[in-house]
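Student: Same order as they appear, the protein sequences are chains A and B. Going by the working numbering, the first residue of the first sequence is number 1, and it counts up by one from there. Going by the working numbering, the first residue of the second sequence is number 1001, and it counts up by one from there.
Since the hints were made in silico from the structure, they are not lab data. Hints should not be assumed to be uniformly reliable.
If you want a taste of the chain A side facing chain B, the calculated C-beta under 7 Å gives, among others [to be verified]: (1) Ser-240; (2) Ile-252; (3) Asn-300; (4) Tyr-302; (5) Pro-309; (6) Ile-325; (7) Arg-332; (8) Ser-333; (9) Gly-335; (10) Thr-400; (11) Gly-401; (12) Arg-407; (13) Pro-411.
All residues carry an ideal CB built from backbone N, CA and C; glycine is no exception.
Chain residues, written in single-letter form:
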Amino acid sequence: MHYSGLTLAWNALWGHKNWRPAWRDAAPKASYDVIIIGGGGHGLATAHYLAKVHGITNVAVLEKNWIGSGNAGRNTTIIRSNYLLPGNEGFYEWSMKLWEGLEQDLNYNTMVSQRGIINIYHSDVQRDAFARRGNSMRLHGAGGELLNRERLRALLPYLDYDNARFPIHGGLMQPRGGTARHDAVVWGYARAASDRGVDIVQNCEVTGITVENGRAVGVETTRGVIRANKIGIVVAGNSSRLAAMAGFRLPIESHVLQAFVSEGIKPLVDHVITFGAGHFYISQSDKGGLVFGGDIDGYNSYAQRGNLPTVEDVCEGGMALMPMIGRLRVLRSWGGLVDMSMDGSPIIDHAPVKGIYLNTGWCYGGFKATPGSGWCFAHLIARDEPHTTAIELRLDRYATGTVLDERGAGPQPNLH
Amino acid sequence: MRIACPHCGLRDVREFTYLGDATPERPDPQAPDAVDRFNAYVYMRDNTAGAHRELWYHGAGCQAWLAVERNTRTHVIAAVRSYKATS
């Protein structure tokens, strides 16, 4: 189903009874050229770019639930490319460029809003670190502006500048950062992939991976056995479980990340803002709710729900940054299952078992990477070589010591 | 979540710091395949969905290291024991 002014008027005349599904809910075939395990944003984007860029359309996306029911439907919808390390920044900037052309590419309104993201700094030392990161961003063409206190105050007059413990000295702004509509991203990629012949198979959980002579040749699912030449695993917090099915381990721990939305208020937060003295980030949805989050809970979890101490910690961060939100009520909170890697950076690479391709380790920041992840993963699957922007996102970087540790926290996933 | 410390009793999770999986054991640095073993020890994890044996530090209490058996799907804690490294 495609949309236009004409279809809208026509369906309005007929009481909106004739809208058809945007994409095809397929039954699985016996075999495919490529199987993508995981029908989230990254998996569907991979299928779209496989079909569009590489002409590989005999593809199935297997989703155990409904598409977009995992982290794609549980995030805070922030898009940005404000990283420091060259191995990461080039990749995230490529993803940012894809976001900028996504609506034209998919012919779907993904509501990409480049409202600007501002990281607040609270000390001279932090300013210097942010200036360095801003320089790295500018070197990669991502843009970036260091705002002093006066310029920041003109943009965000409502922050607590004279907080005794965490005074605000300024911010690093990436004007091209912002938000996108997470569900629309899922549906847009699904429709674009489906239109090119990709089978989107829902309620189809992978229960085993068939390995013959050291090569993966298919998967066992709750909807039968499906064979494939190539198998892509892009399942976020369940990566280790899939890896175990094929007999290998990953440098990944699964953790829970919570997010929150307040009751709706009039327009207040025009940007995405992050607190620099703790972990708190906030934006405002089009419905008026303040969408915010903070640290992961910090212990291994597959539960998709968090604990109250983290709720308190996140809200304390918000209160230190903008005390005016103290009387707002939190409407909803939810938890997502994130694939925390040992250095805090993602992995797009061949798996140790032939025929399997890995896309994992997105930690708590996978949403912004959706287009770039799909692009680079499709490139790897189609050509058996890494895309130039993902060349450092290797699985063997842990063994060789070339880790991408933005935070410098070492191999301790709950600290990244 | 609360953890029943064997020394202090049932305490709020905020008193504890999480380290991670308790099962990896430090390899022998003299072993011929020590490099591979250390890579696995430092970076590779089973990341189990279900029963998980993990290390918590009771920093705001008795300052003991604890081995906690916790279900990662439900957060239910089955057992808490005082931990002593084997090597």
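Student: Does the nearest C-beta of chain B fall within a distance shorter than 7 Å of the C-beta of Pro-309/A?
Tutor: At 5 Å from the nearest chain B Cβ, Pro-309/A passes the 7 Å test, so the hint holds.
Student: Would you settle whether the hint for Gly-401/A is holds or violated, based on the nearest Cβ-Cβ distance to chain B being less than 7 Å?
Tutor: Because about 10 Å separates Gly-401/A from the closest Cβ in chain B, which is outside the 7 Å limit, the hint is violated.
Student: Against chain B, is Ser-333/A within 7 Å by beta-carbon distance?
Tutor: 16 Å, violated
Student: Does the closest beta carbon of chain B sit nearer than 7 Å to the beta carbon of Ile-325/A?
Tutor: 23 Å, violated
Student: Do the numbers back the hint for Ser-240/A, that is, is its least Cβ distance to chain B under 7 Å?
Tutor: Where the cut-off is 7 Å and the nearest Cβ of chain B is about 4 Å from Ser-240/A, the hint holds.
Student: Under 7 Å, Cβ to Cβ, is where Asn-300/A needs to be relative to chain B, so tell me if that hint holds or is violated.
Tutor: 5 Å, holds
Student: Report holds or violated for the interface hint on Arg-407/A, using the least CB-CB distance to chain B and a cut-off of 7 Å.
Tutor: Violated, about 16 Å.
Student: Hint validation: Thr-400/A versus chain B, beta carbon distance must be below 7 Å. Holds or violated?
Tutor: Where the cut-off is 7 Å and the nearest Cβ of chain B is about 9 Å from Thr-400/A, the hint is violated.
Student: Could you check if Ile-252/A really has its C-beta closer than 7 Å to a C-beta on chain B?
Tutor: 6 Å, holds
Student: Going by Cβ atoms only, is Tyr-302/A closer than 7 Å to chain B?
Tutor: 4 Å, holds
Student: Please check whether Pro-411/A passes as an interface residue: C-beta within 7 Å of a C-beta belonging to chain B.
Tutor: 5 Å, holds
Student: Hey, does the Gly-335/A contact hint survive, CB to chain B under 7 Å?
Tutor: Status violated, d = 11 Å.
Of the numbered hints stated above, those contradicted by the structure are hints 6, 7, 8, 9, 10, 11, 12, listed in ascending order.
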